[in-house]
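S.K.: Chains Z and L supply the protein sequences, listed in that same order. According to our numbering, the first sequence is numbered sequentially starting from 1. According to our numbering, the second sequence is numbered sequentially starting from 1.
Don't read these hints as lab results, they were simulated from the structure. Take the hints with a grain of salt, since some may be wrong.
Stated by the list, open to error - Listed next, the in silico SDA-like pairs over lysine to any residue satisfying Cα-Cα at most 20 Å (straight line):
| hint | chain 1 | residue 1 | chain 2 | residue 2 |
| --- | --- | --- | --- | --- |
| 1 | L | Lys360 | Z | Asn67 |
| 2 | Z | Lys289 | L | Ala423 |
| 3 | Z | Lys289 | L | Val31 |
| 4 | L | Lys360 | Z | Leu296 |
| 5 | Z | Lys289 | L | Leu28 |
| 6 | L | Lys12 | L | Ile56 |
| 7 | Z | Lys289 | L | Ile419 |
| 8 | L | Lys101 | Z | Asn127 |
| 9 | L | Lys360 | Z | Ser172 |
| 10 | Z | Lys289 | L | Asn32 |
| 11 | L | Lys101 | Z | Gln29 |
| 12 | L | Lys101 | Z | Ala174 |
| 13 | L | Lys156 | L | Asn32 |
| 14 | L | Lys12 | L | Val63 |
| 15 | Z | Lys148 | Z | Thr170 |
| 16 | L | Lys360 | Z | Arg62 |
| 17 | L | Lys12 | L | Gly57 |
| 18 | Z | Lys289 | L | Glu421 |
| 19 | L | Lys360 | Z | Gln29 |
| 20 | L | Lys101 | Z | Asp252 |
| 21 | Z | Lys229 | Z | Ser82 |
| 22 | L | Lys360 | Z | Ser82 |
| 23 | L | Lys101 | Z | Arg52 |
Just so we're clear, the structure is a prediction, and the values are computed from it rather than from any experiment.
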Amino acid sequence: MYRVTNNTIFRNSLNDIQSTAEAFARAQQQVSSGRRIQQASDDPSAAAAGLRERAEIRATDRYRDANDSVDSRLRVTDSVLSDIISSITTAQTKAAQGRTTILTPAQREAVALEIEGAKEAIFTAINTSYRGIYLFAGADTSSAPYTKAGTTVSAYQGDSTVVQVDVSRTSSAAVTVDGGSLLQGGGGNVFQTLDALAAAVRAGNMSGIDGGLQDLQATFDSVTAAQGKVGATLSALPAEKLRLDELRRASDTRRSQAEEISLAEAISEMTRAQQAQQAAIAAAGQNQKRSLMDYL
Amino acid sequence: MSLFGMLGMTSKALDAQRFGLDVTGNNLANVNTPGYTKRVADFGAVPPPDRFSAGIGVEVLGVRSMRDRLYDQRLYDESPLEQQQSAMAESLGLVEVALGKPGSSVDADLEDFFDAFAELAEAPTSATARQQVLSEGEALARAFNGMASRLTDAAKATDQRVIEDVESINELTTRIAALNKSIGSSPSSQTLHLRDEQTEAIKELSGILGTQVLELADGTVQISTRSGRPLVVGADSYALAAVAGMPSGYARVQAADGTDITLELTDGHLGGELHVRDTDIPGYQAQLDELAYAVATEVNTLHATGYDLNGNPGGNFFTPPTGVAGAAAALRMDATLMANPSLVAAAGIPSSGDNQVARKLADLRDASIVNGDTPAEAWTALVYDVGSDVSRAEAEQASRQEIVNQIEQLRDSVSGVSIDEEAAMMLRYQRAYEANARFFSVIDQTIETLLSLKR
Chain Z
1 MYRVTNNTIF
11 RNSLNDIQST
21 AEAFARAQQQ
31 VSSGRRIQQA
41 SDDPSAAAAG
51 LRERAEIRAT
61 DRYRDANDSV
71 DSRLRVTDSV
81 LSDIISSITT
91 AQTKAAQGRT
101 TILTPAQREA
111 VALEIEGAKE
121 AIFTAINTSY
131 RGIYLFAGAD
141 TSSAPYTKAG
151 TTVSAYQGDS
161 TVVQVDVSRT
171 SSAAVTVDGG
181 SLLQGGGGNV
191 FQTLDALAAA
201 VRAGNMSGID
211 GGLQDLQATF
221 DSVTAAQGKV
231 GATLSALPAE
241 KLRLDELRRA
251 SDTRRSQAEE
261 ISLAEAISEM
271 TRAQQAQQAA
281 IAAAGQNQKR
291 SLMDYL
Chain L
1 MSLFGMLGMT
11 SKALDAQRFG
21 LDVTGNNLAN
31 VNTPGYTKRV
41 ADFGAVPPPD
51 RFSAGIGVEV
61 LGVRSMRDRL
71 YDQRLYDESP
81 LEQQQSAMAE
91 SLGLVEVALG
101 KPGSSVDADL
111 EDFFDAFAEL
121 AEAPTSATAR
131 QQVLSEGEAL
141 ARAFNGMASR
151 LTDAAKATDQ
161 RVIEDVESIN
171 ELTTRIAALN
181 KSIGSSPSSQ
191 TLHLRDEQTE
201 AIKELSGILG
211 TQVLELADGT
221 VQISTRSGRP
231 LVVGADSYAL
241 AAVAGMPSGY
251 ARVQAADGTD
261 ITLELTDGHL
271 GGELHVRDTD
281 IPGYQAQLDE
291 LAYAVATEVN
301 TLHATGYDLN
311 GNPGGNFFTP
321 PTGVAGAAAA
331 LRMDATLMAN
341 PSLVAAAGIP
351 SSGDNQVARK
361 LADLRDASIV
371 NGDTPAEAWT
381 ALVYDVGSDV
391 SRAEAEQASR
401 QEIVNQIEQL
411 RDSVSGVSID
421 EEAAMMLRYQ
431 RAYEANARFF
441 SVIDQTIETL
451 LSLKR
């Protein structure tokens, strides 16, 4: 026969109360915090998985931010390029008007001034800076891409580096445009072209106007090509963002699976643990009540 | 037997039943005394002197403890294993707390740091972005410093426990030796309580370091460590000493003869503490150092390939670590750089707006620079290692605890006091006392009757 002693009963009751109280406390903490894991030792692999997903989420968020920033920067670039195109178009239209022989000198002067106005507009546009960065100076942001002495515009002062910003682990977007090849490309220096064009209009030099128009067309082509590239990047960004959002959602789901609880399950587990604890306490109380001493 | 002889016999019987009540009372009194073993009174019938006699009553043979040495021995064997895991779970728990919550510890500082470089890559000339990189670098260095010092603190706290354990061992061995002296010099019937104390003390001692116990015929014990270093021989105890060992300053344990026995102590609470202090925590520290070293050197190497805002080649970002060991504790930002954000080398060419190096620095986030792991993975591995070590120690401790509980239950089933059982015994002695008293008065009346015949 197995002797049951008071010590046995006491120790068992105490162990049961302790372990059920522990289970209840854990379940209660899970419900109140919404987290399955309080410390890594609760479930080391889940904790590690949670950490990995958190790192992934942080990286994804960072690329998502970069996408937004690249997007707004390229929108500015795009609109600047539109301004330049529109200025070139104005100059082209005006020069075509100046090509006729019936204009009075005053009218020629007016056309020449309009062409010079377009030059001014292009000069202002090409020197646009965004958040302290010249958008058309390559990587050389210490000086403006073009400067002016009197009415003479300098040669390109930036460099040909195209600055790239990472918009995902695998892709980057060009956020600067090399203002040198843009305005001093196939058609020569566009400012010099416009100066020459204005002079040709004033002088009624038809072949000069023809040559200027030709050069202007070449610059127009290079600017529209640049705008096309910017547009292509801009239109690729939403897809990249969508992909990043999906990655983030997937990571967050995995993180939540690793770290968080299903509230319904956790609450029913807590109720169960509470009942077990109450039962253990009640049983211990009952056990201590029965004694032969009471019958003597 | 004569009537007067019967009176004598009955008075001895009354004494015996009273003695039984005495033993029961003592058992009840000690129902909650740790280590107390239930006593039983042994009675013997006094044999009759000849065949025409029914016997001459009862005599008290003595009192004995209901002890089963097998269970005691099993407890001496199992307690160290349970205590070892318990010590490890507790001390490693300290380390785990030190690691902090996911998303708000070194992991977050690493992400913030690489984010700052990514933002710098977006705006390499921005003073804010440059300052941000420096601030996050400093925050990261502080996070590493703090983590390293928390790990050291955990090791120090564990070291303190080692010293306390050695003190406890010495107290216990002194007590056991004193008990040996008393037990050896007294008749065994008078040393039952001493032997209870002795058993309890040995169990406690075994829990701390694991022992070999040899019980001699006179009830005294010889105790040595598992590796055979004597702790108690007869009335002599051999104290261990906790001596500061260089270079760590952590306690080394010396046997009475001065031998360093730290490496022999692998069992029990002390063994667990030593394992955490000398193996586990240094392992985590090494992992943390490797991470800090890799980040510092990779960032420095890349940074030096770049150009600052003034077009000058980049210098150090962090103060270069002198080696892997201690890298986390020593991680600092370069002072010159801290004083001048324009010295951050974000560009890959001497052009202020270039961002190639900032991009590469940001990309270190995903680079396998710590023994084939990315920085985040290396941190995750450290958290995983600590977590799984704690969880393993806790699980092991729980199962060892269960074994100890079961042995204690078995021991209690032999040696424990049951109030109900004692109540029954109390009734039994009470009734026997009453019956003997009744018998005494019957004999008394018989003698009275006999005496009245002569009147």
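S.K.: Which hint numbers doesn't this structure obey?
M.R.: The structure conflicts with hints 4, 8, 12, 13, 15, 19 and 22, although it agrees with all the remaining ones.
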